[in-house]
Amino acid sequence: MSDLAVAGEVDRLGEREGRVRSMVRLYATLARVSMMEQFQYRAANYFYMVGMVIEPVIYLVVWSTIARQQGGSVDGYTAGTFAAYYIVWTLVRNMNIVFTPFGWEERIREGQLSAQLVRPIHPIHYDLGSFAGWKVVVILLWIPIAAVLTLVFEPELDPTVAQIATFAVAIWGAYLIRSLLLWMLGMITFWTTRVTAIFEVYFALELLLSGRLLPIGLMPGWVQDLANYLPFESTFGFPITSLVGPITNRELVEGLLRQAAWIAIGAIGVNLMWRRGVKAYTAVNG
Amino acid sequence: MSAPVADGVPDPGAPDLVLERRRMQGLRLVGLHLRVNVMNELQYRSNFAIQLIQSMVALGTGLVALALVFDRTDTLDGWTRPQLLVVMGVFTIVGGIIGFVIEPNMGRVMTDVRQGTFDHVLTKPVDSQLLSSVREFRVWRLTDVVLGLVVLVWGITGLDTSVGVLDGLAFAATLAGGSSLVYCLWLVVTSGSFWFVRMDHVQELFFGLYRAGQYPVSVYPAWLRLSLTYLVPIGFAVTVPSESLTGRLTWERGLITLGFLVIAFAITRFVWVRGSRRYSGASA
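Protein chains in written order, with numbering that gives the first Met the number 0: chain A, 0 to 285; chain B, 0 to 283.
Treat the hints loosely; a few may be bogus.
As the list claims (entries may be wrong) - One side only, chain B facing chain A, incomplete, derived with CB under 7 Å: (1) Leu51; (2) Met55; (3) Asp76; (4) Arg80; (5) His200; (6) Gln202; (7) Leu204; (8) Gly207; (9) Leu208; (10) Ala211; (11) Tyr219.
These are calculated hints, taken from the structure and not from any lab test.
Ideal Cβ placement from N, Cα and C applies to all residues, glycine included.
Let the sequences and hints guide you as you build the complete structure.
Right, here's the structure in full:
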């Protein structure tokens, strides 16, 4: 190998390292800015979070009532397990909130994407970075809410170290998958503005097939089979069950691998749609 | 000599007539705003299709949730499946009423206060609370009322007990009373914007809480049941009307609703008058 080639190789290596480093710095900055921003709106964030807690409390009350009526449990779920499931649910749900597909109409109509198009980095990184910063605020604000819910509903929670570790990874996996999915959903707006109905149907399917309404294990068999082939469970049911159980170590690993697969599929999907969508976008703007 | 007054034409200055005229004016005001809003919305007929899909998806998921419950049990806290269908119907109807008139008007007041355009309400020679409550109507949201009625009838036909005329009247009265209570609460929250400006997050909180009305409030633990009844009147708006159709309503409860309604109206009026007096017009 000639000296020149070696030098080129080193250069390229350095370039790649520099790219990674600048990405990390970009994420850190975006996250920090949105953290500071969201801390200013503590009260607003709290109202939002408390309003959201009602949803799982409804499911929890209804299903623990049924468990009690059935002599203590529904398919192995006791009032205590339901409590654990729906309390962990509140954190996973908060991790799950990403840029809304309804926001794409404004992005496109007001030309907000134009500025991002000239930057050298794919625009999804800006969303991922700033929402990740918001998550840190959300987790902090969530702790007192979880404490109150724990006192009121007495959950049965006894995770192993492996479960806790998996959960810590899985909530970020869920965040990433749902970001990618909702980006794809939102990008439909590039082609048609009548998207509300599509979004509503999507969210209804997600509610039923993700474990958000009810642990997937309690759904009818064919729903469980169907959910296996869809990404929704990776964003809701799996992270919750990874901490609450019942789950084997093997299932923990499988769940993480499945998340990784959905992240890969989501990334490819976002890229393909984005490339085509941008063409439609520039066409609209002439 | 007094001014000649034509036979049969009463003195227009008589106090009870002024009151009568004001009432007529109020009704005409509501009618006029309603007509303009309806004509405006009828231009956007595709919005109806979107609203229909939205309403049906929401109702559909609610019904699936109920089906999952009754897959496992025959009664929930003593409520049978048809009875919970009645609750779901009332929940959807009241949701439609909120979306039709309460939420759009209250949202507009919040925007007006924030942007300083609330002057347009205060400078008109009619009662500001009345005017603020009837400026906006989302006609398509009545879809929920219609769909809710369908579910309600479906539930009623499955009931073991029959529903008499008296029950029907009690239902109409409690539904009107309960919806008025929701209006009162929302107006108090909205009046908060005279002091704090940003109140939309409280509105978010209400939407979250309203979902609890899908089930009778008696299933919830005491602390939640009480706040869902007196703090956020979902118990009165959804559960009590449902009780009137499922033979659970007692005279006492009916009277409590009425009494609470009177108190709520007085408080609401007081807060509104105080609040609107504080408004100083950000645009000026």
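- Per the CB criterion, is B/Leu204 less than 7 Å away from chain A? 4 Å, holds
- Would you check whether B/Ala211 satisfies its interface hint, that is, whether its CB is within less than 7 Å of any CB in chain A? 6 Å, holds
- Message: Interface hint check: B/Arg80, Cβ to nearest Cβ on chain A, cutoff 7 Å. Holds or violated?
- Response: 13 Å, violated
- Was the hint right that B/Met55 lines chain A, CB cutoff 7 Å? 9 Å, violated
- Interface hint for B/His200, Cβ within 7 Å of any Cβ on chain A: 4 Å, holds
- chain A contact restraint for B/Gly207 - C-beta distance below 7 Å: 3 Å, holds
- Interface hint for B/Leu208, Cβ within 7 Å of any Cβ on chain A: Holds: closest Cβ of chain A sits about 5 Å from B/Leu208, inside 7 Å.
- Once the shortest beta carbon distance from B/Leu51 to chain A is found, is it less than 7 Å? With a minimum Cβ separation of about 9 Å from chain A (threshold 7 Å), the hint on B/Leu51 is violated.
- Query: Does B/Tyr219 pass the interface check with chain A, least Cβ-Cβ distance below 7 Å?
  - Reply: 5 Å, holds
- Query: Can we keep the B/Gln202 interface hint, with Cβ of chain A closer than 7 Å?
  - Reply: 9 Å, violated
- Query: Taking the least C-beta to C-beta distance, is B/Asp76 closer than 7 Å to chain A?
  - Reply: With a closest approach of 6 Å, the B/Asp76 hint holds.
In this structure, the earlier hints numbered 1, 2, 4, 6 are contradicted, and the remaining ones agree with it.
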